[in-house]
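There are 2 protein chains.
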Amino acid sequence: MTPAITPGHPRAVQALLHALGAQVVQLPADFGNRQHADASRMACAEPIALLRPVSTAQIAQALRICSEHRQPIVTQGGLTGLSGGACLRGGEIALSMERMRGIESIDMQASTMTVLAGTPLQMVQQAAEAAGAMFPLDLGARGSCSIGGNLATNAGGNRVIKYGMARDQVLDIEVVLPGGQVLGGRHRMIKNNTGYDLRHLFIGSEGTLGVITKAVLKLRPKPTAVSTAFCGVPDFAAVIQLLTRAQSELPAGVSAFEVMWPGYYHFVLERLPHLRAPLARRHAFYLLLESSGADAERQNQAFECFLAKCMADGLLQDAAIAGSDADALAFWAIRDAPGEYQRILPGRVSFDISFAISDVEAAIAHCEAALRERWPKATVLIYGHLGDGNIHIVVQEPDWPAGSMAEVQSVVYGITGQWAGSVSAEHGIGLKRKPVLGLTRSAIEIDVMRAIKRAIDPDNLLNPGKLLDC
Amino acid sequence: MTPAITPGHPRAVQALLHALGAQVVQLPADFGNRQHADASRMACAEPIALLRPVSTAQIAQALRICSEHRQPIVTQGGLTGLSGGACLRGGEIALSMERMRGIESIDMQASTMTVLAGTPLQMVQQAAEAAGAMFPLDLGARGSCSIGGNLATNAGGNRVIKYGMARDQVLDIEVVLPGGQVLGGRHRMIKNNTGYDLRHLFIGSEGTLGVITKAVLKLRPKPTAVSTAFCGVPDFAAVIQLLTRAQSELPAGVSAFEVMWPGYYHFVLERLPHLRAPLARRHAFYLLLESSGADAERQNQAFECFLAKCMADGLLQDAAIAGSDADALAFWAIRDAPGEYQRILPGRVSFDISFAISDVEAAIAHCEAALRERWPKATVLIYGHLGDGNIHIVVQEPDWPAGSMAEVQSVVYGITGQWAGSVSAEHGIGLKRKPVLGLTRSAIEIDVMRAIKRAIDPDNLLNPGKLLDC
Chain A
1 MTPAITPGHP
11 RAVQALLHAL
21 GAQVVQLPAD
31 FGNRQHADAS
41 RMACAEPIAL
51 LRPVSTAQIA
61 QALRICSEHR
71 QPIVTQGGLT
81 GLSGGACLRG
91 GEIALSMERM
101 RGIESIDMQA
111 STMTVLAGTP
121 LQMVQQAAEA
131 AGAMFPLDLG
141 ARGSCSIGGN
151 LATNAGGNRV
161 IKYGMARDQV
171 LDIEVVLPGG
181 QVLGGRHRMI
191 KNNTGYDLRH
201 LFIGSEGTLG
211 VITKAVLKLR
221 PKPTAVSTAF
231 CGVPDFAAVI
241 QLLTRAQSEL
251 PAGVSAFEVM
261 WPGYYHFVLE
271 RLPHLRAPLA
281 RRHAFYLLLE
291 SSGADAERQN
301 QAFECFLAKC
311 MADGLLQDAA
321 IAGSDADALA
331 FWAIRDAPGE
341 YQRILPGRVS
351 FDISFAISDV
361 EAAIAHCEAA
371 LRERWPKATV
381 LIYGHLGDGN
391 IHIVVQEPDW
401 PAGSMAEVQS
411 VVYGITGQWA
421 GSVSAEHGIG
431 LKRKPVLGLT
441 RSAIEIDVMR
451 AIKRAIDPDN
461 LLNPGKLLDC
Chain B
1 MTPAITPGHP
11 RAVQALLHAL
21 GAQVVQLPAD
31 FGNRQHADAS
41 RMACAEPIAL
51 LRPVSTAQIA
61 QALRICSEHR
71 QPIVTQGGLT
81 GLSGGACLRG
91 GEIALSMERM
101 RGIESIDMQA
111 STMTVLAGTP
121 LQMVQQAAEA
131 AGAMFPLDLG
141 ARGSCSIGGN
151 LATNAGGNRV
161 IKYGMARDQV
171 LDIEVVLPGG
181 QVLGGRHRMI
191 KNNTGYDLRH
201 LFIGSEGTLG
211 VITKAVLKLR
221 PKPTAVSTAF
231 CGVPDFAAVI
241 QLLTRAQSEL
251 PAGVSAFEVM
261 WPGYYHFVLE
271 RLPHLRAPLA
281 RRHAFYLLLE
291 SSGADAERQN
301 QAFECFLAKC
311 MADGLLQDAA
321 IAGSDADALA
331 FWAIRDAPGE
341 YQRILPGRVS
351 FDISFAISDV
361 EAAIAHCEAA
371 LRERWPKATV
381 LIYGHLGDGN
391 IHIVVQEPDW
401 PAGSMAEVQS
411 VVYGITGQWA
421 GSVSAEHGIG
431 LKRKPVLGLT
441 RSAIEIDVMR
451 AIKRAIDPDN
461 LLNPGKLLDC
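Which chain is which? The protein sequence lines are A and B, in order.
Mind the numbering: the first sequence is residues 1 to 470 in the UniProt record's numbering, read in order.
Mind the numbering: the second sequence is residues 1 to 470 in the UniProt record's numbering, read in order.
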């Protein structure tokens, strides 16, 4: 197929078409209904061209050409990000990783898997499972998000308390630099103290420093026994004590410690009739506790024993233990209700913030009081991965006047900054949280980030204007 | 005390004395027998002045003055490093962290501890223990190494398989930049996706990018049950299978998986009469296996059960289970015999290398064959943290001609490079391994490191010539 180059196209696009062909370089006329925006609901321009490369070599060539023409480029994975990090501001080329997918190799002796960056997370999880292992990173968008996007944003999710964030699942990454040089991706060892850890610099840099093309991932043993309980807790002090005790006393540790404030629990049970209340009475806090390991019989015994001791000590008022996978799924359905927000809570403002665990109660009480005072009729839902200090707040009022949402953000982010919390525990900065980055990172930290960005991408070609202004 | 400034002292030293006084700034005339070299046995010059600050503010002021005078500065912790990273090449000021010691705070709800960088590792461990928790980083030099040095070099040690390297124990660090600006150290949350992870960039940068002055550390639950066994294993395939099965089947996972090749085992038992052989017969490999968690009774049962199954499956030929702390210490004494090398193996060449676990057997066989062919009479000892892919090789021959050591290094590092291994799994690069950095890191990776170094320390004042040449 002959590339349809016309003098009307920018030089960079002409050069890309010439070098890579129309199989890789798509022009706006061919986009059809293709979506370019991510899941942040932020405004997104159309790219001046779309690249769909199939190899690192093609990406390197594309970046070399873009660099020669000072052409900005935005890397796009599964477009499931919530911060506008993959959105276009106008004039960029979009680099889609959708055809860079596949499991390159699995080594069950070394417990490693090498995958192309465009591979969907779920495909990575399934390949690990099929090989008899587990890839523990997990989040709601698993079916459509790509592992490269998970690494670019250092995704979190459900099992951080036991296995860490996306960055903790990685032994090495292959990255294409703005000038087209290719770096890393050959190493599969666990320990490597040879100079600056570039892996951790590129992971979480939201596509502003390089294009992640391949990853060497760590696999974990697949847990064969999972114990789950849904608990009623009398107060926040007990929540904290339960966390400490569960981590120290449960033989297999804690794989989930999800806390729901009562407002959230009652709201979702009322609005979503398919949910069943696991506990008969009302409690100050609700806790979903999970421990996963090996040896089901010994583990379940120890789990029940632990809950009985906590009950005797007054830390728990009630607990329902899952007797089957179906029970466990029913407990998780209560925690996963935010998947239904689009339907039951339109026009909401959502937060993904974190604090030192010992500050959570007071910081959240501060937020809640400030919100209730200013918007007494608003729905305020609070819940989160408490074991990681990560709390989600969702605020909504049906008939808000324009501007209210910005005001809600200013209240919650302001308080987050006062408590030395993070304005983005796991969703990243992108475009959406750029205005509040300075509440968590100091001016000097941002200066150093900018100096690094300039050192690696001096022409500001990769995802310009995201995360930082240069 | 009036500072003894004379016109003979460099301007930077005069300015430092003027600003900080003789309590902080020591001149060579006052050094006495003070040692300036680290444990690498590399040549080390005397500093033109020694700084012994007690606060971050003093360090910031010192770095500002050094920066104004383009005065190079080398930060020194406990001087236990093995790569010459803290040695002086001549003309530098030494910045000792010895008076920056102390535990600033412990928060048992958040499981965090904030410490000054000069605090000895053992003091950190003891403070955690006294508070009812554990700080898991542990290495032989615990009594004299400082936590700041551990972070600057991303130290490894005995429990990496379960808890990770030094970088995995850190929530935030406070760093003074070359110009005297102070960055970080305020955050105690587990999740924080707000831009580039500067923490991971400074950790492991060996004092070339900034001075780590304070750290917010993660504490872990103290294990109340430790099960230990010393095992005889028939072949390397069985070693690997044992690793995989232990990680997946032991309820509390694996906290140590130390493998000793027979040459090492027999050498140390023969040379160190205080050691007792735990097993009656000879085996192809010896394994020290440890699992630590909670609930001693259930755990010990599961541990014995696991070993019995592995025996029945032919993966183990023999196993001695520690029945007491004294037994466990006796097993560990065999693995810890390298502490006696100074006496029993003078003039040795030591390696700290790593590979993908599935490459260890072949890569090590390759090294061993090459060494035996060239030096048939040499003592070659092999052992290591196999669960992390980290192997130590020690080579010695009593009457080596000059130059042999360099030749031994060239053989082992060359083979390490061929197997895509790391020339420094945990000891860092410093001065000693700078010539072989390129065997593990590509030219492009080193270029990016250099660009980062120039962006953060444009005048190359912090630990110049270490890790990288700029």
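By construction, these hints were calculated from the structure, which means they are not laboratory data.
It is possible that part of the hints are untrue.
Below, simulated BS3-like cross-link-like pairs (lysine-lysine); rule was C-alpha separation at most 27 Å, straight line [as the list claims (entries may be wrong)]:
(1) K218/B - K222/A
(2) K218/A - K218/B
(3) K309/A - K222/B
(4) K222/B - K218/A
Far from chain B, some chain A residues (derived; all Cβ distances over 10 Å) [to be verified]:
(5) A22
(6) Q61
(7) I190
(8) G263
(9) R271
(10) E340
(11) P346
(12) D359
Examples of chain B residues toward chain A, derived with CB under 7 Å [said to hold, decoys possible]:
(13) M42
(14) E249
(15) F355
(16) P401
(17) M405
(18) Q409
A quick note: this is a predicted structure, and the numbers were derived from the prediction, not measured.
Backbone N, C-alpha and C fix where the C-beta goes; we use that ideal spot for every residue, glycine too.
Hint check results:
no. : hint            : verdict
1   : K218/B - K222/A : 26 Å, holds
2   : K218/A - K218/B : 22 Å, holds
3   : K309/A - K222/B : 19 Å, holds
4   : K222/B - K218/A : 26 Å, holds
5   : A22             : 30 Å, holds
6   : Q61             : 16 Å, holds
7   : I190            : 5 Å, violated
8   : G263            : 23 Å, holds
9   : R271            : 28 Å, holds
10  : E340            : 24 Å, holds
11  : P346            : 26 Å, holds
12  : D359            : 7 Å, violated
13  : M42             : 17 Å, violated
14  : E249            : 5 Å, holds
15  : F355            : 6 Å, holds
16  : P401            : 30 Å, violated
17  : M405            : 21 Å, violated
18  : Q409            : 15 Å, violated
Checked against the numbered hints above, the structure breaks hints 7, 12, 13, 16, 17, 18 and satisfies the rest.
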